Amino acid sequence: MKEHDIERLHARNNQVHLSFSNIMLVFVLFFLFIPLIVVVTYSFNETKEMNFTGFTLQWYKKLFTDSSALWAAFTNSLLVAMLSSITATILGSMAAIGIKWYQFKARKAIISVSYLPMVLPEVIVGVSMLIFFSSLNINLGLFTIYIAHTTFNLPFVFLLVSARLDEFDYSTIEAARDLGATETQSLFKVVIPSILPGILSGLLMSVTMSLEDFVITFFVTGAGSDTLPLYVYSQIRYGVSPVINALSMIVILGTMALAWVCKSFLKTIAANS
Amino acid sequence: MTQEIIFRTIHCTNDLPYGGIGKPLNTFPVAASHITRAFGDFKALDDVSVTINAGEFFSLLGPSGCGKTTLLRIIAGFDYPDSGSLTFDGKDILDLPPEKRHVNTIFQTYALFPHLSVYDNIAFALKLKKRSKEEIDEKVWRFVRMVQLEDHVFKKPSQLSGGQKQRVAIARALINEPNVLLLDEPLSALDAKLRQNLLVELDKIHDQVGITFIYVTHDQSEALSVSDHIAVMNKGKVLQIGTPYEIYEAPATEFVAKFIGETNYYPATVVSFESYKDEYLVKALVPELGGEVLVTDFEPQEPGKEVAYTVRPEKVHIATELHTKADRLINSYSGVVEEPVYSGFQSKYFVKLDNGSTVKVLKQHENYMDDGPDIEWKDHVYVSWSAEDGFLIKEMGQ
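Heads up: the sequence lines are chains A and B, in that order.
Numbered continuously in my numbering, the first sequence closes out at residue 316.
Numbered continuously in my numbering, the second sequence closes out at residue 402.
Think of the hints as simulated: they come from the structure by calculation, not from any bench.
Only true hints are included.
With a Cα cut of at most 20 Å, we get these calculated EDC-like pairs of lysine to aspartate or glutamate:
{"no.": "1", "chain 1": "A", "residue 1": "K232", "chain 2": "A", "residue 2": "D209"}
{"no.": "2", "chain 1": "B", "residue 1": "K160", "chain 2": "A", "residue 2": "E210"}
{"no.": "3", "chain 1": "A", "residue 1": "K143", "chain 2": "B", "residue 2": "D83"}
{"no.": "4", "chain 1": "B", "residue 1": "K131", "chain 2": "A", "residue 2": "E226"}
{"no.": "5", "chain 1": "A", "residue 1": "K232", "chain 2": "B", "residue 2": "D124"}
All figures in this text were calculated on a predicted structure; none of them were measured in a lab.
Just need the whole structure built from these sequences, with the hints factored in.
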């Protein structure tokens, strides 16, 4: 190939074409990010108006000094997210291990049932939870939210850990037993470290889903136990407060930081296994 | 790669008496008697009894599904028989869990711990026993040197080749100082050349550590080349236990004769017998060979008995002229070479006899000092073998 040919090839690769895939790319990016940019921009807007009048940090100040109801909701969200994700991770991992390696009656039935909360519409799950709790006379509140979140988080943990277990060679456990480990020791020294990436991604996924859930939480919440999404929704009914915009900005930054930390963390684990 | 392994094998075994691991380990005999194990309707083991002497290299040989791995798993403690008994050194150990038996296993899939380095894999058993750091370190390095993995100590199993993984598995099992080492088709995942080298190495390690090796394989050439004794299994039963020589030269049943090596196999009927040297000379009617054959046997055979007559292809002499030897009783047949198969150091000929039956012949290629012209397709030849080279199979159908 002659030199000018190569140059022409490079030029062609660098040219942006008006092809279908490029147009789709622009559309997708536009719809994904424009709302976020708008929210971020308005969080620095002086007035509540929909046109930009001047730069200010007053909404951030208000967010951190004068929004106790918001922070109470945030604490609720965090508390529920932590507890439900940890519970779901423990239960889901144990379920995955049990179903993978132990033979018992109704094993197949349990596998299909455990995916139900994942595939059912959230409204159905929410309504049935509500009916269930009220028929048992359980007061709606943080506890019921915790139970509900654990329920819908469980299948995700189960799925992720099961996938990891499928790659795990059972004779590794026999090797551990063979070398003198008891059943418990082989669980903690061999099985759990090997499937740890699956367990951790299950945990992270649970935290995220619990933090953002609206529909199911809406059905099972009680007076004074609003989570952050519910609180934000209730505020928006009285017009968009720029404080919410400021909160959005904080959440966007926080999520990006978390995603970055998780990615590099999971990468180190993956590199070590 | 392969070159390197050959070099290392020689280097390792010559330099380090007892493989550099100190002393030969203690060992004991293993006896399984009347063991039966069924999975649903499938009988994996059907009244199996084997006795394995202390310190020997014992192979369980058979096709897949013959029960050999099940027997090994019962000895290791991963499976439990429905009936029968298992003793180590005369003591019944069926109730002991795997971690309490002084045996260790090399698994077919290596079963290394994926999250641990080579070092930590090998140190696993010692760490469980809460040995001191210095003791662990000193011992791990000794075994690392024994399996020649010094350059790979801090790698993860995923960074190793198949042969290296196998060496880690060997070191990890032997560091535990087992009295018996169980090997479950340890070489089946490796390529043919590497397999041969590792097999020789395993044999040397066996000589160095001096413990009983129980080796499960479906590869008859592996079993023949390293074992002290072989148990040939099929369909959950032990068909024959013997030295490699006995198994090959005097197979007890039809299955053993056909599974070990290659053979010409024909149904036969005993006609008569007479004393001959220390043995008996049996005359048997073999319809496929078109008449009677002479065959020696250790026992007198009752005339009229239905048996099978078999002769190994390499025992058959093939020549364009009739072969005679005055002091030998020889069976000779004439035929035509139907299919010569050249494979380098040897050739295989399918010779169609005048009566239509086929005799397989293996001929080693020697050199031009070897007399006689090359045998080619459609050549008219004589196949012959001595009465001592054929044998009778009395147990047919299994």
